[in-house]
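Colleague: Sequence lines, in order, name chains G and H. This note's numbering applies: residue -12 is where the first sequence begins, and numbers increase by one. This note's numbering applies: residue -12 is where the second sequence begins, and numbers increase by one.
Rather than coming from a laboratory, the hints here were simulated on the basis of the structure. Treat the hints loosely; a few may be bogus.
Intra- or inter-copy, both count: the list cannot distinguish identical chains.
Computed cross-link-like contacts, DSSO-like style, restricted to lysine-lysine with a CA-CA straight-line distance of at most 30 Å [to be verified]:
#, residue 1, residue 2
1, Lys147, Lys93
2, Lys147, Lys12
3, Lys12, Lys76
4, Lys77, Lys12
5, Lys72, Lys100
6, Lys72, Lys92
7, Lys147, Lys107
8, Lys92, Lys107
9, Lys12, Lys107
10, Lys92, Lys12
Protein chains: 2
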Amino acid sequence: MSYITLNNNLPGIVGLMAYRPETAKPLNELAEILLRGESTLTSAEREMIASYVSYQNECHFCHSSHGAAAAHHLDGNLDLLDDIKAGFKKIDISPKLRALLNIAKKVQILGNKVTGADIKAARNEGATDREIHDTVLIAAAFCMYNRYVDGLGTWAPEEKEAYDETGRMLAHEGYTRNKFTG
Amino acid sequence: MSYITLNNNLPGIVGLMAYRPETAKPLNELAEILLRGESTLTSAEREMIASYVSYQNECHFCHSSHGAAAAHHLDGNLDLLDDIKAGFKKIDISPKLRALLNIAKKVQILGNKVTGADIKAARNEGATDREIHDTVLIAAAFCMYNRYVDGLGTWAPEEKEAYDETGRMLAHEGYTRNKFTG
């Protein structure tokens, strides 16, 4: 039950976007560019960054939705959500992605926590300026989405299986196809 | 000197937006709707929320730019920036805005820090659902902008007087007139 009257019973950001379509539009456009737009990072990698930051921000809805989207860019196994919570112990991710996740983790705490050494470590693993830029903006953007979702007290399904269809839609249909795929 | 090569020497988010115009577009559109779009909160009030959250996030560029924008919606006196830092001791703001600033401060910490009591206190001062929604989203959005600006190590002028013209432009020309008014 959200803190404001949404006139819908949609979960998480989906209900908020239906309530205020004017702000939903740029919010969805930003997600589409960052997570599915042209990039040398795969969409699975970018969704994992989004899900990881959301978990650090204690946002169950966003962690689950974007973890499920990452899974659907891969083999569809939702156990990935548990592995994201555990800090990527099972999935075989590249040293470059690990270095970018370290930057994302610093951004989640506060922008000025990112150091030149964090950037250098990512560069040493082959990260480009654009990849570093997009990682910082993805992490920053989820610090927004997460606060929007939880700050208004929206509800979210508990079980990861409940995010399977959302994850499939986000991965394969995207964020701007219709206003309810937030 | 930012962490990545921007190929411009523009400060703060302005340099980042010139570097990556694709993401600049929804970022500016969101700011335009939230800070200058139709609302029962004045633009001065909304810019004060933005500047206040940016100060809590230790983002000097955003605190100063949006504090200067708030000043330019009022009498143009940049001493407002110091008063925002001090927690609005001098400016005569409404009890409703004070209650909304309390919500913004909770959002800045983390979305789930906002309580039903915080919402009720704002309602008791006359805040509407739309005002509460927009306050939460403004606070959340600045948790993004601030981290974007500082996470990439951009530079920012120190003195508040250096933000006078930026504040005037943001207040009176807005965020979408051209891609450099971030």
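Colleague: Now tell me if each hint is right for this structure.
Modeller: Against the structure, the hints:
1. Lys147 <-> Lys93: both (26 Å within a copy, 28 Å between copies)
2. Lys147 <-> Lys12: within (27 Å within a copy, 33 Å between copies)
3. Lys12 <-> Lys76: Answer is neither: 36 Å inside a copy and 37 Å across each miss the 30 Å cutoff.
4. Lys77 <-> Lys12: Neither, since 36 Å and 37 Å both go past 30 Å.
5. Lys72 <-> Lys100: both (22 Å within a copy, 21 Å between copies)
6. Lys72 <-> Lys92: Answer is both: 13 Å inside a copy and 27 Å across each meet the 30 Å cutoff.
7. Lys147 <-> Lys107: neither (36 Å within a copy, 32 Å between copies)
8. Lys92 <-> Lys107: within (16 Å within a copy, 33 Å between copies)
9. Lys12 <-> Lys107: Close across copies (29 Å), not inside one copy (35 Å); limit 30 Å.
10. Lys92 <-> Lys12: both (27 Å within a copy, 25 Å between copies)
In summary, the structure is inconsistent with hints 3, 4, 7 from the numbered list given earlier, while agreeing with the others.
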